[in-house]
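2 protein chains.
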Amino acid sequence: MVPPVEGGDAALLPEFPRGPLDAYRARASFSWKELALFTEGEDMLRFKKTIFSALEKDPLFARSPGADLSLEKYRELNFLRCKRIFEYDFLSVEDMFKSPLKVPALIQCLGMYDSSLAVKYLLHSLVFGSAVYSSGSERHLTYIPKIFSMEIFGCFALTELSHGSNTKAIRTTAQYDPATKEFIIHSPDFEAAKFWVGNMGKTATHAVVFAKLHVPGDQCHGLHPFIVQIRDPKTLLPMPGVMVGDMGKKLGQNGLDNGFAMFHKVRVPRQSLLNRMGDVTPEGTYVSPFKDVRQRFGVSLGGLSSGRVSILSLAVVNLKLAMAIALRFSATRRQFGPTEEEEIAVLEYPMQQCRLLPYLAAAYALDHFSKSLFLDLVEFQRGLASGDRSARQAELGREIHALASASKPLASWTAQQGIQECREACGGHGYLAMNRLGVLRDDNDPNCTYEGDNNVLLQQTSNYLLGLLAPRVQDGACFRSPLKSVDFLDAYPSILDQKFEVSSVADCLDSAVALAAYKWLVCYLLRETYQKLNQEKRSGSSDFEARNNCQVSHGRPLALAFLELTVVQRFHEHVHQPCVPPSLRAVLGRLSALYALWSLSRHAALLYRGEASDCGLTDRSS
Amino acid sequence: MVPPVEGGDAALLPEFPRGPLDAYRARASFSWKELALFTEGEDMLRFKKTIFSALEKDPLFARSPGADLSLEKYRELNFLRCKRIFEYDFLSVEDMFKSPLKVPALIQCLGMYDSSLAVKYLLHSLVFGSAVYSSGSERHLTYIPKIFSMEIFGCFALTELSHGSNTKAIRTTAQYDPATKEFIIHSPDFEAAKFWVGNMGKTATHAVVFAKLHVPGDQCHGLHPFIVQIRDPKTLLPMPGVMVGDMGKKLGQNGLDNGFAMFHKVRVPRQSLLNRMGDVTPEGTYVSPFKDVRQRFGVSLGGLSSGRVSILSLAVVNLKLAMAIALRFSATRRQFGPTEEEEIAVLEYPMQQCRLLPYLAAAYALDHFSKSLFLDLVEFQRGLASGDRSARQAELGREIHALASASKPLASWTAQQGIQECREACGGHGYLAMNRLGVLRDDNDPNCTYEGDNNVLLQQTSNYLLGLLAPRVQDGACFRSPLKSVDFLDAYPSILDQKFEVSSVADCLDSAVALAAYKWLVCYLLRETYQKLNQEKRSGSSDFEARNNCQVSHGRPLALAFLELTVVQRFHEHVHQPCVPPSLRAVLGRLSALYALWSLSRHAALLYRGEASDCGLTDRSS
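Just so you know, the protein sequences line up as chains A and B, in that order. Residues 1 to 622 in UniProt numbering are what the first sequence spells out, letter by letter. Residues 1 to 622 in UniProt numbering are what the second sequence spells out, letter by letter.
Source of the hints: derived by calculation from the structure; they are not laboratory data. Take every hint as true, because none was put in to throw you off.
Pair by pair, the computed Cβ-Cβ distance ranges are:
#1 A:Arg-328 with B:Arg-63: 38 to 48 angstroms
#2 B:Asp-246 with A:Cys-354: 32 to 42 angstroms
#3 B:Ser-539 with A:Gly-8: 41 to 51 angstroms
Which chain B residues face chain A? A few, computed with CB under 8 angstroms, are given here:
#4 Lys-249
#5 Asp-445
#6 Cys-448
C-beta: ideal position from N, C-alpha, C; glycine also.
Starting from the given sequences, assemble the full structure and let the hints guide the process.
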């Protein structure tokens, strides 16, 4: 294991090298070191510094920005780097349990270096590794040390060529054969080929394959995960019956080898079934410890959330990097000015400020949110590990699922749009590959797609909120959730009666003002969505049709506004804690207000429209 | 010259090969052949078919979608292809004059094949070639045949490392030396290096270099264009004193070799000055045929417009290609459905329709607009060529400049956002390089930047409108422009009094309704911008500050709304002509209404806000 960086603040946060940014830095109203310490904490800064210092000194990680690397070479390099990261062993299992935030911090550091590396590492250790660990049982523990030594290299094979979002339509089968005590993994046709599987293209030796489990008598028990060896670890040649290959060039993340695989009646031992959710006896009888389908569903939701929370954190990294590049450029690039002789930095233009600064605020707010949601997830996973089967634990799973499902869209889109704005705001220089904005944009793009298309995921969140409103309207149930993100909705009738009563612009420069407006907005959208859904159903639409017809104009903005409110709320509370150093209060307060107002302003038409409507919920829906 | 494609409609518009799209095609309410004939006309369809057929048969143009081509190889291939296009000689000079729309059509066909090729061809023939032709005089005509035979290969060198948008700050000098009758071209330092020059990186032998012209006595006469040989056409080695090179990898358009150049006291003959705007006598006296600075400025604006109109047309091509890819995918990709057994095409989902169909409508509306604006530009250039120095000709130049300056931003952003939406709407498959959406996005991106940053350009359009309002308010002058795009503003006081009075959704499904709302919106924004500008000035801001402070919240939306209105207006008129075949009226009317309403809906907050304000212009500004 690499020893942590020693020394005091000067070693941890050395001064920037002198340069054209000095003038702007001298004008700052706060100490950047103080802000870094407040945002990260000394222990985390030291951890990140340890990682960066190791990579800086290692020639394998030497950068050649804008280089024209071939696909083959890039994939090879990325694999070697991933292996090296395991060798560095930056994070012990004990550390992981003591400071869980170091897990996303490590992924973020790798993402700062190269998204392809972060994702490759994440897929092997956290996605493949966690799937084996948490979906398997004691008999699968032998895999764990092999995963950390990279003796085997893994991937997670769920998506198929013709089905991604709709997992129920996955068609790979696993038929149990009691005669040999084996499962037969089979792809019925090429549309059922596993597809897009990261690490599968060139390097994975093992895959967690999701397949429909059949036992004799042709009973199907739905999707289950199996650990299947797909390549010989020595030669990397495919195992008999496995047709596996690389999907070729992608728009980005080209260091990652996404692959496809078809299985032709591949026989694996009965023990290959990762049997936490259900198992098959040697004789061929299906057994499951979960009697309650809803509970079983809650457990699987937890797994989905962890992927989405990781993506949230990767999107934030991309946004941060782009902001640093674009803001530094804007502070040094001079163009036009009050006179022909005097040119001013483009950062001085209100246009450039309006284009970039809201995304800077978004980076801070989303960074804080991603950490806090990760800690919520850790709480949930500890509950799972300790066998907590309380109602609170189940509710926590649902709440985190709803938050994670909307936070991946919000963060990946904010990063996507922010990076694009940075690219354009840097003019031609932003278009040069060596300036990295293109790579960031291309590498960020799959965050909008994998682990669920953004627009599809938002439906999970709007459904969650609608699911809470119905019992309230019908039985007067309370809005209550373990993390309290929906508790304010309890007062929705009085919130909807509130009017926006701020008289001056200066009074708006506090995120509390935007927060109040956001609460109104979410109540308004929830009521409108509920009414629209009921109206659709009354006019004869099926549930499927009714939801589809509501999603564009109602469900989608509802889910986004709810998540934005949650991000604003958490950041607002964070920057108004008593422990905030007095010298940072002003700048953090401004960041919080800027993010809140900017996000809110995109709903301005709804705020105007809402003012015109004043009918209560029960009037229409009853 | 390649002979045009012969044969009747069947050869010109053959049936599509049978496939999974048949079911959707059979459901169409109109004949796609009829629509193609109406949109393009038979002569144009034949011209495009000739080009595509030639490229399809030529192995040099064989495609390998998603291939991992090295930078060097791609640039070499693109140069060879560009040369081959000149050999094909698709468009004679006579044809160009007879059917000027064939010029953008040729560029669009090349852009459909590959943006790098279109831009390389455009830069050499139209940008470099036109600059020599229209900025030079008889003594420069010897270059023209060499340009078309590619005996010499050209580039247009205006931008420098530190200055792009602010051309007044360009610092390359051209000092006249009467002793040798030469100009000395010189780059004072590396910040004055010519930068981003397309074709300069590897292949150009000659450059039109913009430099500050100095005559003895150190008098500076501002920027002038010089034709400078930068490489030996045989060896491609740089000429003495010229340091020239390639800028390396970009986010896209990597077939195009963008370059930089520094000139170290490079001596060129006096005749190298492209002397249409001004000349230097052998003795060293500066002479210019243009006495009126405003007139001279009008002439140069014409040149700028032509670049912007070309970019508009390239952006439209990118959007069209992306739409075809995403819509075809959406009609065949099935995911989820009303029951677990039955999956439906993703195009059936209201969400997918809302994501894609407005961009389809935008492609039609902007395609029509780009052609009509090109024809306006041709009218203007014919006036220039015939020596028309009337007030109308000058006004036409200004109006086209205002339209072109906002149309490049509108089209390049619409394409940028549309392609991104297509990429995401195709899920993972959209992220695979071979499916081309990434290349389209990356190749479209510089359209937002070159020939003027989009946000900077919009200021040209808002300034044009404000410049017309001031004399109206002060002296009661009329709003009149040669193309009549501003004439409606004459009725602004009564337009501002109008209320939106449509009672049903069905009544909105006519672009006339959106048009009326757009007229109100532009009047409203113009009034608000004018008032805000005057208010800024009254409170002590300089003109520079006042304009900067108005641009984000006022000038920018004003310019965009005005251009959108113009696009909607022209498309509305186009699809409501008596010559529209009756069977196409419904579908074209729907496209027009969809584009108009969708564009307008993005200003919804302004429409609500405007309703609340009812004070007249003179009340506040006087």
